[in-house]
Amino acid sequence: MERESDKVLRCPRCKTDWNSAASGTVDCPMCGVAYEVLVFDALNHAPVAGSSVAEAVVAGDEAGCFYHPEKKAVVPCDVCGRFLCALCDMEVGAKHFCPACLEKGRTSRSLPQVVNYRTSYPDIALTLSLVPILFWPITILTAPAAIYFGIAGWNKPPSLTGQKKRLRTVFAIVFSAMQLAGWIALIVAIFIEVFRSR
Amino acid sequence: MSDPDGKYDRLPGTGRGAVTIIKLWIGPDHILQVRASSFGERYKRFYFRDIQALFICTSVRALVTRSAFGILALALVALGFVVPSEAAIVAWVAAALVSIVVVVDLLRGPTCQCFVATPVQTERLRSLGRLRTARRVMDRIRPLIEQAQLQPQSGR
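Top line first, the protein sequences correspond to chains D and A. If you number the first sequence the way our numbering does, the last residue is 198 and the count never jumps. If you number the second sequence the way our numbering does, the last residue is 1156 and the count never jumps.
Simulated from the structure, these hints should not be mistaken for lab results. Be careful, since some hints might not be right.
[As the list claims (entries may be wrong)] Which chain A residues stay away from chain D? Per the calculated CB distances, all over 12 angstroms, these: (1) 1117; (2) 1148; (3) 1150.
[What the hints assert, rightly or not] Computed, partial: chain D to chain A, Cβ under 8 angstroms: (4) 43; (5) 61; (6) 80.
[As the list claims (entries may be wrong)] Every beta carbon over 10 angstroms from chain A, so not counted as near; a handful from chain D, in silico: (7) 59; (8) 64; (9) 107; (10) 124.
For clarity, every value in this text was computed on a predicted model and none was experimentally measured. Cβ atoms here follow ideal geometry from the backbone N, Cα and C, with glycine treated the same way.
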């Protein structure tokens, strides 16, 4: 929530309020940095603390909120369809959620609109296959791990931006398989050498 | 709606942290800042209808970098004159490589810092580190923000 006094521009660096709230060039009076500023309508329509108050149901034909029956419903939840008042309406992008569905979607990561982190299995596999080359003895452990992450992440949800990074995964699996093949060859060679020496 | 995977367009510019790469993507109703590391991606959304202001200010990062590399190149050239001929060639090749870095940096143009202000935060857009790129991105997102804020706010 924003206060009335926040409807002015503020220096991004020193946080000093400026008198100006218009697009153009602004020199911060405090830190002296010159900014090119683009101002949008949202600055003039910033929400004011306490402005989002649910209205009470006054007429018999008005629907009440599922969570606050005495408050007027303004929108249904886009997931469960429950009627919501202005207080319970959780607006994310263009969708409206009730608190329960939003929380469920956040914890189960089933709502892309509220996902704020995704594990990148292809990147983990690639890191595990490439970085340990510098300390090659540990590749005996990291190569199987890279293959595991590559396979385990194959069908996981990709990046929110839609990048599947399949090439990365394939490279990591193939390169790790080569490392494992090297280890197997080394172990076999040692066994043969020991067998011959007897 | 901005939810389905793969409905984002990449915006120019790449920022680099200690172990992260930062990029901006544009969705139907918001900008998505992606901070990618070797283990995962962290997302931050800036909805067009919430953006109050965009700020660009020039920075001295390029000047400092170019000066440092320029001095290094000159030092390597000078070093070439005082060492034996084989070592001089190495020093001059190194000076040439450093000079290439300076020239590439010059060609990329001046550096800047960009910020986006919403009702609840002012966030630096670290992927927009070059003035030319920043202006290009601003030109692209400005009409989208204005259009989104012309539409009546739904719900409340």
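Results of checking the hints against the structure:
1. 1117: Violated, since 7 angstroms does not exceed 12 angstroms.
2. 1148: Not fine: 9 angstroms to the nearest Cβ puts residue 1148 of chain A too close to chain D.
3. 1150: Violated, since 8 angstroms does not exceed 12 angstroms.
4. 43: holds (4 angstroms)
5. 61: Hint on residue 61 of chain D: violated, closest Cβ of chain A at ~21 angstroms, above 8 angstroms.
6. 80: It is violated, given that the least Cβ distance between residue 80 of chain D and chain A is near 16 angstroms, above 8 angstroms.
7. 59: holds (20 angstroms)
8. 64: holds (17 angstroms)
9. 107: It holds; residue 107 of chain D is separated from chain A by about 16 angstroms at its closest Cβ, greater than 10 angstroms.
10. 124: violated (6 angstroms)
Consistency with the previously given hints fails for numbers 1, 2, 3, 5, 6 and 10, ordered from lowest to highest.
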